[in-house]
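Can you build the whole structure from these sequences, using the hints too?
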Amino acid sequence: MSDILEYIKTNKVELFKTILNDISEYKYRDIRYDVEFSLVAVYCENVFTDDVEVLRKKLRETDRLIHLNDNLCCIILDGISEEASEKAAENVNYHLLQINANNKYYISVSSSQNCNSECKSMLGHLFERLEYAIKNNLQNIVVYQDYVI
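With my numbering applied, the sequence shown covers 12 to 160.
Just so you know, the hints here were simulated from the structure itself, not pulled from any lab data.
Keep in mind that the hints are not guaranteed to be accurate.
Derived pair list, reagent style DSSO-like, types lysine-lysine, alpha-carbon separation capped at 30 Å [to be verified]:
no. : residue 1 : residue 2
1   : K69       : K38
2   : K68       : K131
3   : K115      : K23
4   : K38       : K131
5   : K68       : K115
6   : K23       : K38
7   : K131      : K115
8   : K98       : K28
9   : K23       : K131
10  : K28       : K38
11  : K68       : K23
12  : K131      : K28
13  : K69       : K146
14  : K28       : K146
15  : K146      : K23
16  : K146      : K115
17  : K131      : K69
In structure tokens:
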């Protein structure tokens, strides 16, 4: 597990760039029309490329799945408020467990409600929560709040 934590730490700038590029239209709609969105980060200890493709088919047409590497993806949930983001992330978790119950998934969520104009704080929260889930072995549990240890 320390490998993924090191990967996230080392590649955080590149991960942020990739996600920021994909959320640009969602960010625009949030600023212009007040249509919130949420991000869900999913890490799987095993390669889960096949799971991701099945999951992609279960998402709404307006949602977007960003495949970051063989073990890590991010899902943009369109039109999801902060209040609904936890439930939406739980649905993602449910779908993943239906696809492959043997995999261990670590999931975090962050909402655009607290997003600054560049959304870097949103991404920061997303990855901090994911790292927390991994460090504390919170398998198949959605981490949606910041924790102080």
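Each hint, compared with the structure:
no., hint, result
1, K69 <-> K38, "holds (23 Å)"
2, K68 <-> K131, "holds (28 Å)"
3, K115 <-> K23, "holds (22 Å)"
4, K38 <-> K131, "holds (12 Å)"
5, K68 <-> K115, "holds (20 Å)"
6, K23 <-> K38, "holds (20 Å)"
7, K131 <-> K115, "holds (27 Å)"
8, K98 <-> K28, "holds (27 Å)"
9, K23 <-> K131, "holds (11 Å)"
10, K28 <-> K38, "holds (14 Å)"
11, K68 <-> K23, "holds (27 Å)"
12, K131 <-> K28, "holds (10 Å)"
13, K69 <-> K146, "holds (29 Å)"
14, K28 <-> K146, "holds (24 Å)"
15, K146 <-> K23, "holds (17 Å)"
16, K146 <-> K115, "holds (13 Å)"
17, K131 <-> K69, "holds (28 Å)"
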